[in-house]
Amino acid sequence: MIQIQYIRDNKAEAISRLAVKNFNAAELVEQILAIDIAKRKTQQESEALSAEANGVAKQVGDLMKQGKKTEAEEFKSKSAALKEKAKTLDELLKQEDEKLFNLLVLLPNLPSAKVPKGKTPADNEKIHEEGTIPQLAANAKPHWELTAQYDIIDFELGVKLTGAGFPVYKGKGARLQRALINYFLDKATAVGYKEIQPPIMINRDSGFGTGQLPDKDGQMYHVTVDDLFLIPTAEVPITNIYRDVILKSEQLPIKNCGYTPCFRREAGSYGKDVRGLNRLHQFDKVEIVQVTHPEKSYETLEQMREYVATLVRDLGLPFRVLRLCGGDMSFASALTYDFEVYSAAQQKWLEISSVSNFETFQSNRLKLRFRDENGKPQPAHTLNGSALAFPRIMAAMLENNQTEKGIKIPAALVPYTGFEWID
RNA sequence: GGAGGAAUGGCAGAGCGGUUGAUUGCACCUGUCUUGAAAACAGGCGUAGGUGAUGAGCCUACCGGGGGUUCGAAUCCCUCUUCCUCCGCCA
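Counting the first sequence from 1 gives a position; the numbering used here is that position plus 84.
Worth flagging that the hints you see were computed from the coordinates, not collected in a lab. Fair warning: this is a prediction, and the values are worked out from it, not measured in the lab. Take these hints with a grain of salt, some might be off.
[Said to hold, decoys possible] Cut-off 25 Å, straight-line C-alpha distance, at most; resulting in silico cross-link-like pairs (PhoX-like, lysine-lysine): (1) K300 to K203; (2) K271 to K492; (3) K332 to K460; (4) K271 to K380; (5) K271 to K339; (6) K451 to K95; (7) K178 to K123; (8) K254 to K460; (9) K380 to K198; (10) K380 to K278; (11) K125 to K203; (12) K225 to K432; (13) K278 to K451; (14) K254 to K225; (15) K152 to K162; (16) K225 to K210; (17) K183 to K171; (18) K152 to K167; (19) K171 to K123; (20) K380 to K183.
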């Protein structure tokens with residue numbers, strides 16, 4: 085969430101920056117500032133009354149000590165009257181506070197200066213492309229045919245057990261999945277990320293902290309009896325570790341990683357884009373999360389981008405990196421890079437990672453702060469990225485590496501799979 | 001699931017209706033002393049909001065969360081959460 089102080093001081097700038105995200109903030113900002121003024125006025129009046137009442141109550145105490153009961157009674161009723169007045173004001177203050185908060189959370193994060201203008205994915209800026217797109221034989225198959233042919237992922241069985249979008253990995257498919265978990269975690273820990281194994285259900289406070297709640301609750305699976313949510317990404321629990329925490333500056337940067345299954349309802353998305361592994365309700369992912377000093381976050385973002393690039397490169401997959409335009413960015417992000425791999429049989433680019441800097445947007449919600457040089461708490465910056473999301477990596481690997489004699493496992497993974505071919 | 005007990009500042013631990021934002025110890029910071037360090041001594045050391053110049057100062061709120069009683073609550077009552085002990089069940 086954006087800090088009210090920023091909006092007070094930089095109204096015009098806030099509006100124009102949000103316009104890059106195609107968000108028309110003018111009216112909302114006006115409402116926010118109006119309520120902010122009203123709220124502060126109420127607060128001042130209420131606090132003045134409280135101060136007076138506190139003074140009177142103290143006098144009651146003093147008089148009681150001196151045994152002047154009659155006089156004390158006088159002050160008692162005076163204090164009671166003050167309290168009555170303050171109560172009404174407090175009621176109003178509470179309402180105004182809530183109203184302000186409810187409006188404030190409607191504002192998306194401000195995009196950084198580098199974010200290109202644009203409305204659709206077509207406006208994203210391609211900043212990098214590497215690897216060669218394999219020329220497949222004419223009879224090359226999409227991954228959902230390959231998985232059936234080699235009996236490594238069973239979509240129908242998943243439908244039987246659970247429903248569409250919950251595939252069952254079998255045999256070498258399951259082993260390959262397990263290899264990816266270990267491979268990506270080993271890579272991440274080797275460059276200094278601490279491995280975390282978090283709960284895969286989270287409460288409302290956590291959902292709010294990283295920005296999934298209140299607005300995107302429909303995208304998460306909700307365990308209603310306990311009011312818990314299945315995580316859509318490990319980002320949620322791993323970042324919420326630092327909710328309500330004031331870090332020492334020497335603790336920064338914090339680098340965490342974690343493997344978890346991820347659950348997404350993906351309500352309303354059907355059709356050919358969701359075929360096979362392209363879009364699932366449950367999938368596996370290794371996530372990297374960092375908490376940094378505000379001055380270091382963009383440097384860190386580039387490091388994370390380069391790290392993710394090494395992962396894709398080592399798997400031998402052709403990929404490209406996009407800087408997302410304002411219209412395609414998430415609500416909470418200030419700058420996002422998407423990684424896409426080319427899935428040669430489907431002949432399309434599939435998103436396999438998203439690396440973002442949230443600046444203080446999540447920190448403000450989380451109350452995640454660090455003590456600066458002067459010992460004062462101020463919000464830290466949070467970042468995260470997929471490193472990587474498995475299903476589409478799997479799809480591209482299966483399709484791009486298919487041969488007459490089977491599917492070739494990338495050399496980097498062989499120590500983890502224990503086999504070179506799926507055949 | 002049942003029965004008890006507890007939750008106070010970074011940690012430990014007082015306070016159980018009236019200058020208590022909160023005794024004290026440890027940790028931490030500054031100063032004196034010292035060639036330097038330790039020790040000793042002196043002082044400082046929470047968060048948020050408001051006001052003010054994003055200073056000093058002042059005001060308000062916060063002793064697990066929420067609500068209540070009272071002129072006044074960390075202190076009394078209700079409720080929720082978490083932890084501990086005992087019983088039951090169980091991977």
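### Query
Tell me, which hint numbers fail for this structure?
Hints 8, 11, 16, 20 contradicted; others consistent.
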